[in-house]
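Below, each chain spelled out in residue letters.
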Amino acid sequence: MTTELVMPSGGDTPPPAAAATPAAGGLPPSESVARQTWQSFRRNPLGLVSAGVLILLGLVALAAPLIADYPSGYGEEVLAGPGAGHWFGTDDLGRDVFAQVIWGTRVSIVVGLAASLLAIVIGVLVGVAAAYFRPADLVLGVIVDVSLSLPVLPLMILVAALAGPSVPTLVVVIAVFSWPEVARVVRSQGLAVVPMPYVSAAHVIGGSHLWIIRKHVLPGVAPVVAVSVVLTTSRAVLSEAGLSFLGLGDPNSWSWGTILHQAQRSGSLATAWWTTLFPSLAILLLVVATTLLAVAYNDARNPRTR
Amino acid sequence: MRTFRRALAVAAGALSIGLAATACSPGNPDSQAGGGSGSADRITIGTTADVLNYNPLVGNSRTDTWVTNLMYPRMMSMGMDGVRSPYLASKWEYTDGGRKAKFTLRDDFTWSDGEKVTADDVAFTIDAVAKEKIGVVAGLISSYQKSTVISPTEIEFQLSQPDGTFLENVGFWMPVVPEHVFSKVGSVQKFANDKDWVSAGPYKLTTVERGQRYVLERMENFPLIEGGPKTKEVVFRVFPDVNTEALALRNGDVDLIANALPPPLAKTLEGDSKLKLVKVPSLGWAHMQYNTAREPLDKLEVRQALAAAVDYEAIRRVALQGKAVSSNSSVLTPTLKQWQDPSAKEYAHDPAKAKSLLTGAGFKDGNGDGLFDGLSLRMIYDQADPNISKWAQLVRDSSKAAGIEIKLEGLERNTYVEKYTARDYDIYAGSWAIMENPPANLALAFKCKGFINYANACDPELDALIDQARGQLDQAGQKGPIQQAARMITDKVYDNVLYVEEFTIAHSAEWSNFLVQPSELLSIVNPVSVAQATKG
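Chains as they are written, first to last, in the numbering used here: chain E, 1 to 306; chain A, 1 to 536.
Careful, some of the hints might be misleading.
Partner residues aside, some chain E positions facing chain A, computed with beta carbon under 7 angstroms [what the hints assert, rightly or not]: (1) L79; (2) A80; (3) V159; (4) N252; (5) S253; (6) T271.
What the hints contain is simulated information worked out from the structure, not anything from laboratory work.
Glycine is no exception: its CB is placed at the ideal position from the N, C-alpha and C atoms.
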């Protein structure tokens, strides 16, 4: 465990002895760890390229209206292959696949981030509660274990089908089935933080549970949360694509999964490869980039792999 | 190294989403026996769903119908124009001013266990349907009172009132089941009929491998084909979707695709010399119905505005790739030539008129976003239907241009059924498979509290016209009031008929001699067609 995770940095009623505790470990101050992490991270080309790709996808999502017109209505060139007029070809209603992929970036990323955020909030709350309040660990542990053993995809399909297709539905459905993994990772990290001497010291000097969790435990699990955000986002994007591909996406908006679903439904899957290749590549790009970024960050943070 | 392995795994996972659908195809259990389609002893038919119900009186999915049609005879068959032709019945007539109806049956139909098919089977079937109110047939025989078996080949029905639709409804819609089997099961409606099948059609189901295939064996003594059915065995193979079906047909793994091909796919198969495409007219229509029980759709101007906001020509030309014809916004479609109304005229696509109608109805665009305030409508449809899912998007986009917001709800099949059964929608988008008998069909679809009255229409004047038609015993007498009713349905926008589809069915060029019948349910998968088809 590294020092920056346990250093109280001000806030309400800091116990006077708390700041002195971590120095006993003799580890470098937090700025130094952050700098070392960054220096290690930037030496990893995979991490940098991945971060660049994600930034690029973010920019595409933000600037979609400037890049392509919203795909609507119909076009006269039905299922035209990629060419100068339509870089990624057209679909079975003559609409531009390039525009669909660009606008799909927006929904895919929004669903991915929102679902991931929701899953992280639930997962962190449960994970920290399980690690900190020992009596609750058994109950919460069972809940997490049961949740992890559920057949996720069929349940997602069932809930999405019953709730009806919409972006908020997708976000909630994906988040509801993604938090247990976050909770398990956060709990295991929390279990390493809670017995630390500085946490005990915080108890001794009269710190409230909430204050200790906020000032000591949460910063302690923050690194795994950061990695979880990235990985959960990529999984959420995949889940969104999967559900949309199965026809459970929002028909009023474009996402990469929706493009694949429409290609499959129209019967053009086997004959118009461009309707599936480009959205698939977009999914691939995002998922690989997020995974590599998470791995690179983790490696950069860990003194053993730095 | 671990990083790269993980990245590779993720890449493979992500790509699989796009590639799974193109690559996946079920194993071919027929491949050992003469290459599946190769043997003249077997015809392999592709379908995209399992049989849900083997009871022909209850099952109503496409695959249910295709399979059970080969096993259970009906009294009548149907020509390309919807006109009935003999099948189990050789003759039918009304007597006593339409209060009695009579069928004369052929005497050469036999059940697969050796029992003769007689009028007792027909009497048992109709009594079970009427008593237990089974399926759509029960709704079509509301005038039925009782039946009398005159002889093994003659049966007479007593009707509560003259009903000129009765014989055709019973004749075409009611499969006849064996009394000596179905009478022993208690409730006919609850009988699964999932083993030890007794058949009197050209084939009998013998083997079921759910998710894989359904094997039917020839009934040598089927009387409608001289010498019995030409092909020894019929195999229905289940595929995940029509894409994989098409690949299997191209590879020679199946001989025929029972499902109508989506227009873009049909277009790509047109140039394949190994295949033959058959055009099959629809007996139904694709349409939108506006829920008149809800505000603001109870206002005629709003429904007229919605009708004016649809680009009908674009739907047929782009979404259907030209494989559909206009019905001139009439429920009397061009397929049923004997009923068609030459004066019918399609709603014009006129966004300006739509806006003006809505303005007249009191709607305003207060916030200047191009959409009328308080006019956001939910349109439900089955997301698995390839055509409706396409044109629903066109309807949404063209309506937006007229200032109307339509929110699409493409639903999973079960949710969709639940919602339309509860009439929980503003706009219903769907299609009828078979609406071949207007006096009977319009009663179900437009009379107050009709079984399939999805517009929730309740118009006494319309009901009177439909009743007037049903009281006539011949088509000539029914035509006048039915055409008036159809005009009223168009004028009051109780139904917005978009098009009549021309289905494309694909089969291997090695096979010929199919008998084409209208609708996707009959097409070339009807019993006589499958029984008389030959290879080579």
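Hint-by-hint comparison with the structure:
1. With a cut of 7 angstroms, the hint placing L79/E at the interface with chain A holds, because the nearest CB-to-CB distance is about 6 angstroms.
2. A hinted interface residue such as A80/E counts as satisfied when its beta carbon comes closer than 7 angstroms to some beta carbon of chain A; here the least separation is about 12 angstroms, so the hint is violated.
3. Hint on V159/E is violated. Least Cβ distance to chain A is approximately 11 angstroms, over the 7 angstroms limit.
4. Against a cut-off of 7 angstroms between C-beta atoms, the interface hint on N252/E holds, since the closest Cβ of chain A lies about 6 angstroms away.
5. With a cut of 7 angstroms, the hint placing S253/E at the interface with chain A is violated, because the nearest CB-to-CB distance is about 10 angstroms.
6. Interface hint status for T271/E: upheld, as the beta-carbon distance to the closest one in chain A is roughly 4 angstroms, under 7 angstroms.
Going down the numbered hints, you'll see the structure goes against 2, 3 and 5, while the others check out.
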